[in-house]
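Chemist: Based on these hints, arrange chain G on the given structure of chain D.
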Amino acid sequence: MIPEIGQFALVVALAVALLQCVVPLLGAARGDPLWMSLARPAARLQFVLVLAAFAILTVSFITSDFSVAYVAANSTRALPIEYRFAAVWGGHEGSILLWLLMLTFWMCAVSLFSRHMPEAMVARILAVMAFVSVGFLLFLLLTSSPFDRLLPAAAEGRDLNPLLQDPGMVIHPPMLYMGYVGFSVPFAFAIAALLGGNLDAAWARWSRPWTTVAWVFLTLGICLGSAWAYYTLGWGGWWFWDPVENASFMPWLVGTALIHSLAVTEKRGAFKVWTVLLAIIAFSLSLLGTFLVRSGVLTSVHAFASDPRRGVFILGFLVVVVGGSLALFAWRAPKVGLGGRFAAVSRESALLVNNVLMLAAAGTVALGTLYPIFMDSLGLGKISVGPPYFETVFVPLMAPALFMMGVGPLARWKSASLPGIALRLRWAFGAAVLVAVLGPIGAGAWSPMVALGLLLAAWVAASGAANLWQMLGSAEDPITQAAGKREGLSERLLRARRIPLASWGMLLAHWGVAVFVVGVTLVKGHESEQDVRMAFGETVVGGPYAFTLRGVSEGEGPNYRYQRATVEVAQAGQAYTTLYPEKRVYRVQSNPMTEAAIDRGFTRDLYVSLGEAVAPTAWTLRIYYKPFIDWIWGGCVMMALGGLLAVIDRRYRRGRVGA
Amino acid sequence: MKPRHRRFAWIGVGLLALCAALALVLNAFNSNLVFFFTPTQIIAREAPLERAFRIGGMVEEHSLKRADTRVQFVVTDKANRVTVEYVGILPDLFKEGKGVVAQGRLGADGLFRADQVLAKHDENYMPPEAAAAMKKGAEVAEGLSRSLVEPGAAGAPR
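Heads up: the sequence lines are chains D and G, in that order.
With my numbering applied, the first sequence corresponds to residues 657 to 1315, in that order.
With my numbering applied, the second sequence corresponds to residues 46 to 203, in that order.
In isolation and in its complexed conformation, chain D is listed as follows (with noise of 0.2 angstroms):
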């Protein structure tokens, strides 16, 4: 009875979705307050509805009801209870569900927080965002009902995909999809605005805090996936360039240029055609990932099931939102203007760069990515393109962007002088040069792209730095004063307090770029892999460790049977830690899975995974040495960081209590 009325909530959900679709629209069109009124209490209404759906099918997978078809088919009796938690979005059905359950929780906090905005843009925000809704839940109640019953009752369940059960997916997916989904919001804001024709600065300082709490989710739930994939997969890398990892970094590389063009938006009024843009695309981008990922048009542990049905239905929503927001656009576009303008040489430009670079190695994830879907599709033979082309393409791409990242925050707004920039950044390129020369031959042999990848990262912290000095240093203006009188440090950190902490934010998140840059350059040039047979007692050297096998041992976990090498590491000759690789076989999907063992370390990671045993005393292992590693996602860590730092920033808060 009780995932009947899970259904039910969710087709109620659906009326309220169309409802608040369509009159608050009229509504905003005549001007018609009663009317534009509805959209607010339908949002909240809707979450409410999705929520019990959601707390419905929570219910059924902590009691394992398994004549609940989903629940069969993702879990069991002996499935830990968080892991009954995270089986909830283990599927395909729920999975869909978690996104409508997030797409409803923005609109009920943009229902909450907007009471500073006009109530007719608010109206068409908010009808905007349940037209996607109403897609989602159509395609949810048509293609995909998590409540679909299987009778008679399954005695046992199917158990969750071994992969999912760690505790990074528990939290992976919910975080994901807020990023996701939350790109929803500036799309809205975008099309709203261009309905109402009142794309201004206020416009864009009411969308930056959606879309920069969107991204920093976004980056979390990418940084997340990385980390599962590093120490689940058990072959020890942190990117592969597959498709589903590429329909994530597209929206967020997307996002990041949007974030930087809201602001050039709202502190000059530029840029304003291009920042809608990228806001449609970023959500159309969000939009094409879901397929991509949903419908099985690719191979990878999130394509759940491959119903042509669903693929084409999320393929016609894909193509009514980008091809109706596309024409909307160009009708409305040419009368929105172009704002303030700026010289060559100024911010302005320097975002300007950064934007196009942006969305040019968004474009060529785009072609790496589709291209070799198109060509199947057409029946034109099946390809596939290399984690070498991203790489390739990515760092004359990046290289440049990461040199304007130090410019750019000292430029200063409408017009700078290259000298005087060149003035305050001199110590920073000194500090960049001698990091990239000094740098590479400390960590062992000097190369040309470590010595690149050291510069760039220095040069991005340095400027970071030289940015945050010259903040410290003026009195009226702290971003365009150029090189102030001389002062000491003791006054220049009195000001501390006194930066706003947006800019904190971008600081933060810069160097977090540079941490960032930092372990993709010396894990991509120093780390050591070896795929080798071990006997027992034999060792084997991998960086300044040498690793010895000792044993292998077997044991029952809860729902799994495992075997468990003992490996003693030991460095200089000293005995340093003992690790634990495992391999595991689940009972119920009976498919054998590699336990990574790990040892983190700020400056390195010693990873061991078991593979196969080769004779009774001897087995194949993985030896791997990752220098660095945690950096990558320390480094995303501290961008998200950094974002927060910028929404929670005074300005957008008085925005909201005032007017």
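Where hints are given, some of them may not hold.
What the hints assert, rightly or not - Derived pair list, reagent style DSSO-like, types lysine-lysine, alpha-carbon separation capped at 30 angstroms: (1) Lys1038(D) x Lys140(G); (2) Lys1038(D) x Lys110(G); (3) Lys1038(D) x Lys123(G); (4) Lys181(G) x Lys123(G); (5) Lys180(G) x Lys123(G); (6) Lys110(G) x Lys140(G).
Bear in mind the hints are in silico, worked out from the structure with no lab data behind them.
Modeler: Structure of chain G alone, referenced to chain D:
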């Protein structure tokens, strides 16, 4: 320089950069495209010898041979067979009788030396390439047996 000329100069620089970027991207793209061939196509010498490509099909039962980290197995599409050699640890879900996709180069001796064996993530799931290879292989096999029965219909149906 007049402002108008300067603007043209900037646009010119922008276009030049765009062209350079495009050339770079397409060049990288072209040299990293990995094509896919079925065992039948490889036996028919349709696959290149000088370029890496992907092969897909099923791992033949009882064909897996191990010598430490060096493994050999046969990929079949039920019509033709290709022996694959790989040095390293196979993915968890690699199994005899299951679908597989490997990437590498074909030697003149007919041995496919893989530098990558792709994992699939689910026991119920067949990599689409492998599934396609099996389907084509089945068509070929069917065509062969039919052609043995009635020599008139030698052109394998496609």
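Chemist: List, from low to high, the hint numbers that the structure doesn't satisfy.
Modeler: none
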